[in-house]
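With chain A's structure known, arrange chains B and C on it following the hints.
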Amino acid sequence: MKLLRAITVLLALVALVMATGYQPVFGQAATIKVGVIIPLTGPVGVSGQAMQKGYTLALDEINQNPPLGRKVELIVEDDRGDPPTAAAAFLKLVNRDRIDILVGGLQSATSIAVGAQVLQRPILMAWTGAAFPGFETMLKDADWFFHYHPWQYNNADSTWRFIRSTGAKTATLAVEDGPFGSSAIVESGAFARNHGITITSTETFKTGSPDLTPLLTKAKGANADVFVLVGFDQDVVPVATQARQVGFSPKLILAAPPSWPVGFEKLAAGNNMAGMALWTAENGHPASRTFVRRYRERFNEEPTSYWAPLAYTNLITVADAIRRAGSLDLAALTRAMKATDYEGPIGMRLTFKRSIQGQNQGFTRLIAFQWQNGKQVVVWPQEVAGGRLVYPALYR
Amino acid sequence: MSGRQAVQVLALAVVLVAAVAFPFWANRTQPYYLQIAINIISFAILALSWDMLARTGQLSLAHAAFYGLGAYTSALVTTRMGLPIFLGMLLGSLVAVVVAAGLGMLTLRLRGIYFAIGTLAFSETLRVVTNQLRFTGGATGLVVPPLLGGQRVPQYLLILAVLLLAVVVSWMVNRSRWHFAFTAIRTNEAVAGAMGVDVVRFKVLAFMISAFFAGITGAYYAHVFLFISPIEVYSLAVSVGALVAPIFGGLYTTAGPILGAVVLRVGEEILRSTVQRGYPIIYGLILALVILYMPRGLIGVWASVKSGLATGRKETREPAGP
Amino acid sequence: MLIFGVLRSGLYSLASVGLALSVGVIGIVNFAHGEFLMLGAYMGYWLFASYGVDPLAAIPLGAAGIFLIGSLTYRSAIQRVLRAPELNQMLLTFGISIFLQNLAIILWTGDPRVATVSYKATAVSLGPFTVGLPQLLVFAVAMTLTLSLYAVLGRTRIGKAMRAVAQNRLGASLLGIEVDRVYLLAFGLSTALAGTAGLMITLQLSVSPFIGLLYTLKAFAIIVIAGLGNINGVIYASLVLGLSEAFVEFYVPQGGGWAEGVFFLLILLVLLVRPQGLFK
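Protein chains in written order, with this note's numbering: chain A, 1 to 396; chain B, 1 to 322; chain C, 1 to 280.
These are computed hints drawn from the structure, not numbers from a lab.
Even for Gly, the Cβ is constructed at its ideal location relative to N, Cα and C.
This list has only true hints and no planted wrong ones.
Computed list of chain B residues with no C-beta within reach of chain A, every gap over 12 Å:
1. 21
2. 165
3. 183
4. 184
5. 186
6. 196
7. 197
Selected chain B positions facing chain C (Cβ under 8 Å, derived; list incomplete):
8. 59
9. 110
10. 113
11. 116
12. 118
13. 124
14. 244
15. 247
16. 281
17. 285
18. 287
19. 288
Isolated chain A, as found in the complex:
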């Protein structure tokens, strides 16, 4: 009977899975196992792979001076951007690989799936992902949860603070219609008001659209000081070129894609566009320059998004906490992590403080930069600025 045959195959496969998961015990006992859950494939696989490179650089450095005299071993799991896979990956790491610490994290959906599981099996979770405040709420009582990435409201706060610093009074919003964009709408209203900026109109668009001329024409009609674009790397090119084509030249075009397309620096039309980021490769901080150089030497390419240095920071600070804690006991690690005070490639000081609902929040600020003659010049805040903002900018 076919059903029976199916079941036989099923059992054989289960045996196969068990076999592949099996790891010989000898030789492993001495290492510190750090589990990493990141999307190596799937729609945001590019960022996940950047993270992996950041982790690799950190690991090399850490193992030259092994914490507690034991080498650190990274066990990387690909969550594929899929929450069920992420949840399974966590269980595998905790149960089969017996990790001591969990790092990683990028998207909100997968973070929530993992977070729900960690709540049932607490472990030190030094997490670089998710800006969605619902995730903060879920883990608000978790002492062992350390969140590196700014929350969406941090991003909004930085963005509107920057806009106010330019002297602008009005803004138009153009937002991609996915979760990235729509969370920006939610925060922007309140923050803009708080900083004294009026949002004259908000428009949505589909990311990857080839033709944004209607949107830009509408924005032109709204006649605001600043045009804010919340989209992805594929959207900045049409905005840059088509804005000029419809004769749209606000005092500033501010875009906030997680990364910029390769070759954008050569695009004349991209000149004077501003952006917000946790970090750019032009960052003048010595640790950042070292990081970029090492990255280039090791991987033969330029780091294009902030995920690589963020991952690096993630692992370095965890290793540092292990050293200070002197053990892998959760309470000791938690105490040591809370005492983190680190300034690395991101170029900003990292400490963990309370956030609105969470206990251990790391980065809370973005910096603003402007493309000037092919370079991402940091223009705000003053303490880290490497150049002056061109405002009003001319987009012709």
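Quick look at chains B and C alone, frame taken from chain A:
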């Protein structure tokens, strides 16, 4: 009951007991397996329910629509109206069934690729609408309350029960007079109608059954992974996954979709751990190769091997179904 | 808005007419259509980045290249499922699309790349209106190619052979037409057209492995609106899509998000109300 049948029933009973006892063991020793099992079973239900609709010749790309409707309905009534989760899940599947009845009636005249594209358009429209409306949480998504206290063991048992229900329904459909009706409609709708088969009734009913299971699985997903958004639950990937598994395993059978679902998910899990970066490319390759060389799926391969051994000659390759 | 809609439809029609050809002549709905577009776009990008070749100048080379890849795909895979159920064909081309997309990711990473053609942002005045130069060029190229296709189909021997095969396969073969060769050429041509559309994308925008799906879906919408297999209707259908999108994006508040729904809704309506398409 013959001796052979008795053995089969006994074997089935053993498997059933094992399946029920499994979570209790796994939760204490290997929770990873428990999670994988939940993932596989959910996928198997989607595959089986898609297949049931395909038996009437309706190859739908809207499976994600019903999955999403179940998820969103349940999420919304449990968070906005405070209804208990079980009620939410039932309402979710009910909404899916009603919408399926409507869509089924509308698409009666569409065949083959027209039907597929039409259902795809429906599913995508639903996604865009959910994406735009503030009421459904928009593109940011919804946080959803956990089912059964977030405990994996009862969650597993629940989804196992749903799978068993789906298996029973599918098995009964294939064993009853419905089987002839479905097959007749699939082979040639006009002739079936002329023969006296109530084509409309069976096509719409198949749609409704299929949607019921998709809807309840969607609601289950929402309350187990605690977060839904339009690009996840209404995604084309859900619909495609739901149809790849039955094709791979063997269409129009009960075992085929389940087999296909298990092999695909387990294979993905193994590949994911061993071949890190390029693995989705293998998925595309497998898909193409299966269609080219194994059109009747795994069940078909098994049958060919068996009869090849019996007659000493390979069976000629035939496309799956008319 | 009228102008923008019209210009946009140029790109759409170039992207879709290949699919219409493949559906009409061969009867295959090629889910991987967008991926051939993406490959053409990458070809254009690399020619520009490595040798400074303008995408417009690269059209002959790019089209030929994609034609070869398309023909290879046809011979190795598509040919075998011609007589299989439609589901198998759909799945095969879908598998090919996954394969090609991930191949691109492996070879060139998922980062988008922009070819910084010097006139990318230039605008020209057409009377009272200002339009982008690249858009205008793309529109011109698209129209030229589409109309040439019509001419080829209408006047040349091979074109007439294709039309004959589209109408009646058996009859055509009885007349001595080598159906297989016609299929091969039609498929190659269909992918070459998609690849050319990809080159136009490189000219106007940026290229990444993920751009394929969007255009596959738009092409679907357009050929459904035109009527499956109706190649002549593609221009009109593209206009319908381009114009309605532009209008919704401009006049409807938050229109950009809804515009995406426009084409799906259009597909649905056309299929339910007039399945043979609006322009038969």
